[in-house]
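Since chain D is already given, all that's left is putting chain F on it; use the hints.
Protein chains: 2
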Amino acid sequence: MSAPQRRFDLPCTAIPSAWYNIAADLPVPAPPPLDPNTGKPAGPELLAPIFPMGLLQQEMSTERWIDVPGAVMEAYSLYRPSPLIRATALEKALDTPARIYYKYEGVSPAGSHKPNTAIPQAYYNKLEGVKRITTETGAGQWGCALALACSLFDVECMVYMVKVSFFQKPYRRSMMAAWGAECIASPSDTTETGRKVLAETPDTPGSLGIAISEAVEDAVGREDTKYSLGSVLNHVLLHQTIIGQEAQIQMEMAGDEPDVVIGCHGGGSNFAGLAFPYIRDKITKGKTTRIVAVEPKSCPTLTQGPLAYDYGDTGKMTPLLHMYTLGSGFVAPGIHAGGLRYHGAAPLTSHCIGQGYAEAIAVPQLETFAAAITFARSEGFIPAPESAHAICAAIREANAAKEAGEERVILFNLSGHGHFDMAAYDAYLAGQLTDIEPPAESLAGSLACLPKVDG
Amino acid sequence: MSAPQRRFDLPCTAIPSAWYNIAADLPVPAPPPLDPNTGKPAGPELLAPIFPMGLLQQEMSTERWIDVPGAVMEAYSLYRPSPLIRATALEKALDTPARIYYKYEGVSPAGSHKPNTAIPQAYYNKLEGVKRITTETGAGQWGCALALACSLFDVECMVYMVKVSFFQKPYRRSMMAAWGAECIASPSDTTETGRKVLAETPDTPGSLGIAISEAVEDAVGREDTKYSLGSVLNHVLLHQTIIGQEAQIQMEMAGDEPDVVIGCHGGGSNFAGLAFPYIRDKITKGKTTRIVAVEPKSCPTLTQGPLAYDYGDTGKMTPLLHMYTLGSGFVAPGIHAGGLRYHGAAPLTSHCIGQGYAEAIAVPQLETFAAAITFARSEGFIPAPESAHAICAAIREANAAKEAGEERVILFNLSGHGHFDMAAYDAYLAGQLTDIEPPAESLAGSLACLPKVDG
Chain D
1 MSAPQRRFDL PCTAIPSAWY NIAADLPVPA PPPLDPNTGK PAGPELLAPI FPMGLLQQEM
61 STERWIDVPG AVMEAYSLYR PSPLIRATAL EKALDTPARI YYKYEGVSPA GSHKPNTAIP
121 QAYYNKLEGV KRITTETGAG QWGCALALAC SLFDVECMVY MVKVSFFQKP YRRSMMAAWG
181 AECIASPSDT TETGRKVLAE TPDTPGSLGI AISEAVEDAV GREDTKYSLG SVLNHVLLHQ
241 TIIGQEAQIQ MEMAGDEPDV VIGCHGGGSN FAGLAFPYIR DKITKGKTTR IVAVEPKSCP
301 TLTQGPLAYD YGDTGKMTPL LHMYTLGSGF VAPGIHAGGL RYHGAAPLTS HCIGQGYAEA
361 IAVPQLETFA AAITFARSEG FIPAPESAHA ICAAIREANA AKEAGEERVI LFNLSGHGHF
421 DMAAYDAYLA GQLTDIEPPA ESLAGSLACL PKVDG
Chain F
456 MSAPQRRFDL PCTAIPSAWY NIAADLPVPA PPPLDPNTGK PAGPELLAPI FPMGLLQQEM
516 STERWIDVPG AVMEAYSLYR PSPLIRATAL EKALDTPARI YYKYEGVSPA GSHKPNTAIP
576 QAYYNKLEGV KRITTETGAG QWGCALALAC SLFDVECMVY MVKVSFFQKP YRRSMMAAWG
636 AECIASPSDT TETGRKVLAE TPDTPGSLGI AISEAVEDAV GREDTKYSLG SVLNHVLLHQ
696 TIIGQEAQIQ MEMAGDEPDV VIGCHGGGSN FAGLAFPYIR DKITKGKTTR IVAVEPKSCP
756 TLTQGPLAYD YGDTGKMTPL LHMYTLGSGF VAPGIHAGGL RYHGAAPLTS HCIGQGYAEA
816 IAVPQLETFA AAITFARSEG FIPAPESAHA ICAAIREANA AKEAGEERVI LFNLSGHGHF
876 DMAAYDAYLA GQLTDIEPPA ESLAGSLACL PKVDG
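So the protein sequences, as listed, match chains D and F.
Residue numbers for the first sequence follow this note's numbering, beginning at 1 and rising by one.
Residue numbers for the second sequence follow this note's numbering, beginning at 456 and rising by one.
Excised from the complex, chain D in its bound form (with noise of 0.2 Å):
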């Protein structure tokens, strides 16, 4: 065969046995998280009601390396190593002298990254005896992994689920009833929280900020149940680096090595689990990789906020994170990316931004899809819309490689399938999707509030 090779597979013998920790290579630390009642930096004492002591340790930890347990890497083991693919029919249609990979996380059973982390919070709980997990999730993404995961370890699963998408995607909550979990539209009447929003708002359409109040009152309440986090926090974005060290491997099977290493950037957990093994080898080996995050232009956190102490949450029940954000009570424009429409970011993909080891672009919504058209239209894979935010980066890079005739090697994460997203390819092929971004002053008015911080 004369055309290059197309795929560079590894076998399930392959998988990494221990996730990367960039704490433990980062040359000026993240600062720690608050009790923002002390403004003192919050020990684990806050956080071990809702999440069990193994995930609170790798939290905190700064080891480099930390053990993949066996039964994790069993589970992997189905849908891992995931595909590294060479976009030759992209780079055909782009016509480019750039060489284009991508990391292909979409053949998870829930059909993005998110089971990396899923599963291996599911086996800590288990582990620590508890029964019962719950969550939020907003489009569904992330609860479908907490689900999957949840059955693969006998473990029962409540997800809230913001009411807008309970009706708008109910195939999304279908697949976690498939896997036996209980899924609820938030607010509920279950909940002291969801009981008062009802009763102030009886028509809300909900929000991610509502829906975590209740899943997290919900596990302070019962014995036997804890709290679960699909991005942002750091055991999240450590189990996710199993994404970047299978890609490097890869690359070398590959024969090439990457300029750009690009993922689209919500909480920031699929944009660190490619990167960060490719920022270790900046740090500790002087590389000089360019690393993006993209966002979108409608909620534009790493590009247009400042990097600050801020509430995770709208209900500010959470510690205070150092992290870019757009104020704890932004919100942003309805796009079809759902899950990048968070107001802050992981505060350790936002302290690489900071120190200058990765950058962030954003991008508008109809540039977006119009990748993701291209990408279908030679790749074959329907991506998610988060994911299209990736292609559409990886596509300007092709296009400024080619403008400056030269090869450039251009790696991205794709982190999922756009499956469950039909409705968003029918909006925007049938021309109804604009480009938006948030009003000056609806920014203005959420970065006023945030929280005063010394020190």
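It is worth saying that the hints were derived from the structure and are not from the lab.
No experiment lies behind these values; they were computed from the predicted model shown.
A few of these clues could be false.
Below, computed lysine-lysine pairings styled on DSSO-like, alpha-carbon distance capped at 27 Å [to be verified]: (1) K282/D - K402/D; (2) K287/D - K402/D; (3) K196/D - K316/D; (4) K92/D - K586/F; (5) K316/D - K297/D; (6) K581/F - K92/D; (7) K547/F - K126/D; (8) K547/F - K131/D; (9) K402/D - K297/D.
Chain F in isolation, oriented as in the chain D frame:
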């Protein structure tokens, strides 16, 4: 790790380079298709107006191996070789001494095995200068596969989708649109057939028979257009043998050999794809592997139909095919495994069953969905309702092995995922599904109308 290895992955350089043609090894050849006007064997000229010569040659060929063209190999390598997975978690859930393996075809961009033939079909059409391909689709799985393949080879694609599914499964048509295909509800007003049906029965839900007639009429009427079929024909089954060839290599990697090989059976293509290379070993090496085709009790073609000449379509436009059939007028009750509702069966799979190389069983809808849920909650992947028939049979085998207290190696084809079938899972979990069998009088009625053929 003490856990048994779960996945047996092949590198993309190991995709088999030739399709396997079972016609070369059959001691008794399968009876040929007949021209219904003359009762004589139908030559290629009968089908030349609607199929390219490259495919017609394969349809008639008795060569054992037919090379996979390089461009097809390149497109295959987007998702092939597909994984072979040992169902260790399902084995544990069933507490069985059996070792269960499945070949997972849901990793293709269209989510099923169908692209294995859609890709070469688009390729051979492109090679002969065909600009546009028409087809019909029921639930939409085949329409999606052909839309995908046409987008990869830059050929226009026109899909006539059975009207009731067109409205019930909107996201399948969204996928086709994302790949650039045109998809209209059948009956449509763009064909003579469609207009006639609409004039007589404006409220018809449509049928596969009508949609076939429209797609064929469209192809016959335009110089630049050919027609494509997703199952039943010899060349379609030929292309699918890539599945079984890979499985044989992977089972060898696993150090196991199947005692029983299982596939669900509608038209016959995914069953044949896995089974034919194993039937070859029965014929040429005297192996005793049991080969099981699984159909729904609601459409018991293989278990209750005679092996006879019949039309492939309701409109009686096709040559007469020698196959198991319930009569071309048979309309199966509405079950959720839409892909298994065909009145007939592939002539080659029919012949293999008739000759005793394979056996057939029929399973009821509720047991099938129960099997799908058991599978999803252990192995993670949510199966298509069609594929769940194979799971159902595999679970029966595993339970039988347990009762007999014997090790048994079971291999089945998980032909696709259920991401676009979640409404069926909702109905099942809500207790709204029942077991349906066709009324005896309806079966007797359609069987009484089989065409009379001499010889």
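Hints, verified against the model:
no. : hint            : verdict
1   : K282/D - K402/D : 26 Å, holds
2   : K287/D - K402/D : 24 Å, holds
3   : K196/D - K316/D : 16 Å, holds
4   : K92/D - K586/F  : 20 Å, holds
5   : K316/D - K297/D : 25 Å, holds
6   : K581/F - K92/D  : 18 Å, holds
7   : K547/F - K126/D : 18 Å, holds
8   : K547/F - K131/D : 20 Å, holds
9   : K402/D - K297/D : 25 Å, holds
Checked against the numbered hints given earlier, the structure satisfies every one of them.
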